[in-house]
Amino acid sequence: MNNKFNEIDTELIKKEVKEELLKREIMIGLEEDEIDLFELFGVLKKHYKLVLIMPLIVAILVALYSLTMPNYYKSSATLYVQSKSGGLNSVLSSIPMAGMLGLGQSSDSGYLEAFLKSNTMSGIIIQKYGIATNTAIVGPNPKPASDVKYDDLLNIVNKTVSIGNDAKSGLITISAETMDANLSAQITNSYIEHLTRFANEPQRKKLLFLSEQLAQVTKDLNEAQESLKKFQDENKMFTLEEYAKSIVERMTKLQTEKFSTEVSMQTQDRLMQSFGSMPELIKLEALKVAEATRIRAISDEITVTQTAMESLPKLALDFARLRVALSVKEKLFTMITEQYELAKIAIADESSAFDVIDSPLVPELKSKPKRATMVILAGLLAGVIGVFSSFLIEFIQKRKQKES
Numbered sequence: 001m002n003n004k005f006n007e008i009d010t011e012l013i014k015k016e017v018k019e020e021l022l023k024r025e026i027m028i029g030l031e032e033d034e035i036d037l038f039e040l041f042g043v044l045k046k047h048y049k050l051v052l053i054m055p056l057i058v059a060i061l062v063a064l065y066s067l068t069m070p071n072y073y074k075s076s077a078t079l080y081v082q083s084k085s086g087g088l089n090s091v092l093s094s095i096p097m098a099g100m101l102g103l104g105q106s107s108d109s110g111y112l113e114a115f116l117k118s119n120t121m122s123g124i125i126i127q128k129y130g131i132a133t134n135t136a137i138v139g140p141n142p143k144p145a146s147d148v149k150y151d152d153l154l155n156i157v158n159k160t161v162s163i164g165n166d167a168k169s170g171l172i173t174i175s176a177e178t179m180d181a182n183l184s185a186q187i188t189n190s191y192i193e194h195l196t197r198f199a200n201e202p203q204r205k206k207l208l209f210l211s212e213q214l215a216q217v218t219k220d221l222n223e224a225q226e227s228l229k230k231f232q233d234e235n236k237m238f239t240l241e242e243y244a245k246s247i248v249e250r251m252t253k254l255q256t257e258k259f260s261t262e263v264s265m266q267t268q269d270r271l272m273q274s275f276g277s278m279p280e281l282i283k284l285e286a287l288k289v290a291e292a293t294r295i296r297a298i299s300d301e302i303t304v305t306q307t308a309m310e311s312l313p314k315l316a317l318d319f320a321r322l323r324v325a326l327s328v329k330e331k332l333f334t335m336i337t338e339q340y341e342l343a344k345i346a347i348a349d350e351s352s353a354f355d356v357i358d359s360p361l362v363p364e365l366k367s368k369p370k371r372a373t374m375v376i377l378a379g380l381l382a383g384v385i386g387v388f389s390s391f392l393i394e395f396i397q398k399r400k401q402k403e404s
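Taking my numbering, I'd label the letters of the sequence shown as residues 1 to 404.
Calculated from the structure, these hints are not laboratory results.
None of these values were measured; they are calculated from a predicted model.
One thing to keep in mind: the hints can contain errors.
[To be verified] Heads up, simulated BS3-like pairs for lysine-lysine below, C-alpha to C-alpha not over 25 Å straight-line:
1) 117 <-> 149
2) 159 <-> 117
3) 74 <-> 128
4) 45 <-> 398
[Unchecked claim] Computed spacing ranges between beta-carbons, pair by pair:
5) 144 <-> 117: 24 to 34 Å
6) 396 <-> 164: 32 to 42 Å
7) 168 <-> 227: 54 to 64 Å
8) 145 <-> 63: 53 to 63 Å
Virtual Cβ for every residue (Gly too), placed ideally from N, Cα, C.
Take these sequences, add in the hints, and give me the full structure.
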């Protein structure tokens, strides 16, 4: 029994000793933490010049430096590109057979953005505002224009002007940032003005071409009317037999289709000359090939019909030819007049390609530099470096003391 009680007492003693040791370790740890915390503040206090004075000096220096920096002003504009524009796509859609090849069905947003970012547009800005020597853009004491490379000027324009395009919403943002608030607004306005001209250029080209064609067809129509009238007065022939009449109608239809297709091809040539890099060029070329094939087929039918016409008596043949010429000119005149009026309407609608949602205004507040932000960030960064340097110095000093 005594042995059993001795064993129990020994186990209890061991347990109590372990608990006591654990309590002491916890207390010692708390005391060490308190000592470390005091040491932390002691180190910061000891190196207060690094922790407080250095950040203050850095902040003051940055503030002084920021005052030497020029103010920049940003002017922005927002455009909405319509899904059905009146620019290139409407021109392509009006060309016969364009719908079969999918022309005029894509959005103009990427196409207009490409023009805004093009070297052509940058070159316009370079010349108009004298970028090479404009102190509001390149700063004071610019180099002579002859010493500045053109590629450098393009880079300056790209840094000055930013173009953003959201293809999903159809919004294009144009921003210009210079040291002159008025200049920033003027540059942004210039982009919008030239974009408007560019977007309507296909319609203008088409209108000019149709105007030339309309004048020529009007002249030909008058000549055809005079020739037929003169023939009728001389020969007293005013009607044709049913067989000859059917041949005339067939020939009129074929000749009209042929001339209409030729006008369409010439319109495409004008478009291709105006825009040598647009994505629609491939479709235009495919359309030209298709219409060239169509013209060959029509020409073959005209040859067959011409053979049938030549079987008519000479007087009837001459009358039929004059009648065909007049009918063709009348139909061409009607067709070209309609296209001419549509082109005039498209040009009159200046918002056909895009709408200006936000017009560029002269900014009243600077866009940069953000002086307060610069001073705060510089002070905080210097403070972090100061705290880190303080502990690093303290660590090195203690290590040297231990080694000595």
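Against the structure, the hints come out as follows:
1. 117 <-> 149: 19 Å, holds
2. 159 <-> 117: 12 Å, holds
3. 74 <-> 128: 19 Å, holds
4. 45 <-> 398: Given pair residue 45, residue 398 holds - Cα atoms ~16 Å apart, limit 25 Å.
5. 144 <-> 117: 24 to 34 Å: Given a distance of about 28 Å, which is inside 24 to 34 Å, the answer is holds.
6. 396 <-> 164: 32 to 42 Å: 52 Å, violated
7. 168 <-> 227: 54 to 64 Å: 60 Å Cβ-Cβ, so the 54 to 64 Å window holds.
8. 145 <-> 63: 53 to 63 Å: At roughly 36 Å between Cβ atoms, residue 63 and residue 145 fall outside 53 to 63 Å, so the hint is violated.
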